[in-house]
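Peer 1: Residue strings, one per chain:
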Amino acid sequence: MSESGKNNSHPGKGLNRRSFLKGMGTGIVGSATLSQGLLSAAPQGPTPSSKSQDITSATVTMTINGKRQSLEVEPRESLAHVLRERLQLTGTKIVCDRGECGACTVILNGRTVYSCMMLALEAEGARITTIEGLAVGEKLHPIQEAFVKHDALMCGYCTPGFELALKGLLDQNPNPNLQEIKRGLSGNICRCGTYPHIFNAALELAGGKGGK
Amino acid sequence: MAQWKPLEKMRYVAHDVPRTDGPAKVTGAAKYTADIVLPGMLYGMILRSPHAHAYVKNIDLSGAEKHPAVKAVLDMNKYTVRYYGDEVAAVAATSPELAEEALDLIKVQYELLPFVVTEEAAMAPGAPRIAEEGNVSWERAGDKAKVEQILAGSSHVVEADIRCQVQVHACLESHGAVAQWEGDKLKIWISTQGVHGCREDFATYFEIDQDKVEVICDYMGGGFGSKFPVGVEGQVAARLAKIAGLPVKLMLSRKEECLAVGNRPSANMKLKMGGDSQGKITALWQESNGTGGISGNAGFPMPYIFAVPEGAYYKKHAHVRINAGTERPFRAPGHPMSAFGTDIIVDMLAEKAGIDPLRFRLLNDPDQSRQKQYKIGAERIGWETRWNKVPGSGSTGKKRGVGIGAGRWGGGGARSTKVQVEIFPEGKVVVSTGTQDLGTGIRTLVHQVAADILGIPMSYVTPQIGRTIYPFSTGSGGSITTGSVTPAVNNACNTALTRLFEKVAPALGVDAGDLACEDGVIYAIADRSKSLKWKEATALLQGEVLNITDGWVEGLSSSGVAGCQFAEVEVDTETGRIKPLKYVAVQDFGLAVNTLTSRSQINGAIVMGISWCLSEDRTMDPKTGTMVNPNLESYKLSGPMEIPEIEVIIDHMPERGVIGLGEPPQVPVAGALANAVYNATGVRITRMPMTADVVLQALAKKGGA
Ligand code: FES
Ligand code: FES
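Listed in order, the protein sequences are those of chains A and B.
Sequential numbering from 1 applies to the first sequence in the UniProt record's numbering.
Sequential numbering from 1 applies to the second sequence in the UniProt record's numbering.
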């Protein structure tokens, strides 16, 4: 039995959200095998022609954490990716990259969204709050203060997503009970299992202090 | 032997102290490996086998090499791929999208081989042999005939078929690295549980000296045992960067994370336990198997917790290889399975013997700490009123019950741990050690201990960890980080303080040995009027930075911890849904350095145990050999809705010194839950995950019986 050809289903990736566009770039490619020793500096691979190719990009204008910005993005780039890799707003995490965990939660036009599930282009004209936009200078936002105080975080990787999900909840309902808090946060996952302390932080904030 | 300062002299140790890195984490300022962006950085990506088992006949990289955005291509040089997701080749390109595109241009010709992805299939007669060593390696102990004879002569014998499924670590930050070469020097950010171990691994791999490698892990998003080795992904990132002459970021996708970077092995066990008329355990009989994927390694320690008389234990265990990603250590390796099986079979024996399971444990558990803990926990959960004497006898519809589980763990500390303390003339103190904070809070513990030993406010101290430029510290596994690091911090700070006292003693006109420091004031013990504020004292260093490095000492840590947990659940007999209502965890871990972060650890372990018991399940498709749920949607982790009330009781034993806590509370969770489900419903469910359909089937079977 043998098979040849393209691995159209290589297991590393599984999403078709991004359309395939040809990107631009030229350069020298080296090849090697993992088991061989160190490579010499000389490239071994073929040198591609340096003919430029068309790149499709578009401009998107967003107000991020109060600052209006226009930038060039590829149409297939997710909002999460643009925030992280282009704007270095890396508090927004990508964990599942397909709307299953909430780590990439941001607030967009007053509503919490999974930024991994949106194209950056779809955010044209939007007002976006990321975790970097909560504190005012050195002064932590009440949600952030409560998270620190109650140790509502361990590794911290899910934390920005939870804080923004909680902000979204408190903005809608400033006085949630425990059940409402659980429901309001149920789009987010924490592998370290900090939930009980997140609930403690949220309960302290319930009463309207955390929403602003 | 060294001793801890008396607790009443400590302002931070044994208190609730919020995390030092809390503000960095809650503001998004903390930079994890995945967050590093370097100028000119490329994105690495790995091509993985779409087959469970195949020869790689031919691989054509030219398509990827010609792609204009691709700067490096790597062939893994594999002749055989042995699981769905095994690494075949890799590329580095100018964006993740373009790297993905380039992977599609690599043409691989496979010759498919027969595969097995379940324990049963791997052990079946005539099963295809998937490894040279064979599919199964056996582990045996005891004399079967003799143990069966003891069972035959026992007053009570119970039997159970137990199943613990494979669990993946699912760290939210995936495995990966950002590699940058500066000449022959490698600088690498990597999400790891051991920066110094990684330095050694990279040096070995590239055949360079260790001083040519700098490893950085300032923050990391969970490891749970899966992030010790640099891994293929770490090697590939560094190789691609070397080839391209540019920095490379390679972080695994969620799918890769599920397939290729570790899991907790399964454990399928048939157990028999005997008891005498007094309720003492007479014998334990075990035939079992488990799979750790392609490496096969799948052990768990038995007998567990309870004393089984000498010569009365028999075991035949199969470590089974299947075509799936290999296991890696996972939070208390082996123990949660041991505990799950043991807690269930012991509960069954207690019932058969007509003894309350709580009393049965007190009768059979030889550990003095747990003897005390059972009583504390029973009181907190309300055992007397909540335990159904007749299981399943509670109200109809939604039924409630309670159950017990128990665990133990080691701990200890690494003698090789070193800590550097720098005291600056302006009063600032920097404490550095090359450990790493997985989310456990060790950065905060370093901070607390340093401040308390020096006798100064935490605000004067800056802890530095997570880099190989700091003194050697061991990998974070086996719950040894606290036992390694905090004694070394204690000792190094004491040494530094003695040095500082020597500098300032003349100014106070006393002997250095007669000085102490408390609340930021250095004073003569005999005459408190002779004193200097900390910053006045450090000013006497006159521009010199006092800099000492010292190491771990005996006497400040120990090993061996005990714990037990009580669960209360509600089972909806109509929907089959199990809802944990409350957990009480009683846990000993010696001196609790930070009671706040310790409660987080215990909460987290309980959540992870519930998640394992009720919903997580790595599901392999026997037809295609693939994992069918490599994501966070159908591989289901417990979320906010599934979380019970958790009461943590720290069984504080400061006289024992520090002992790590990461693993022990993970152990008793599932057994307590299983026993509570039985107590609620009268139906014994011994197979995980206990999803609604499993519960409904079990209930129906009982109803029909
Ligand atoms: S990363 Fe967006 S929901 Fe998981
Ligand atoms: S704190 Fe680690 S995943 Fe939530």
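Derived by calculation from the structure, the hints in this document are not laboratory data.
Do not rely on the hints blindly, as some may be mistaken.
Said to hold, decoys possible - Simulated pairs of lysine to any residue, SDA-like, Cα-Cα distance not exceeding 20 Å:
#: 1; chain 1: B; residue 1: Lys533; chain 2: B; residue 2: Ala516
#: 2; chain 1: A; residue 1: Lys149; chain 2: B; residue 2: Ala29
#: 3; chain 1: A; residue 1: Lys182; chain 2: B; residue 2: Lys582
#: 4; chain 1: B; residue 1: Lys582; chain 2: A; residue 2: Glu85
Peer 1: Check the hint pairing Lys149/A with Ala29/B against an upper bound of 20 Å on the C-alpha distance.
Peer 2: Holds, at roughly 18 Å.
Peer 1: With the threshold set at 20 Å, check whether the alpha-carbon distance from Lys182/A to Lys582/B stays at or below it.
Peer 2: 16 Å, holds
Peer 1: Lys582/B and Glu85/A: Cα distance at most 20 Å?
Peer 2: 42 Å, violated
Peer 1: Could you grab the alpha-carbon distance between Lys533/B and Ala516/B and see if it respects the 20 Å cut-off?
Peer 2: 12 Å, holds
Comparing the model with each earlier hint shows a violation of hint 4 alone; every other hint is respected.
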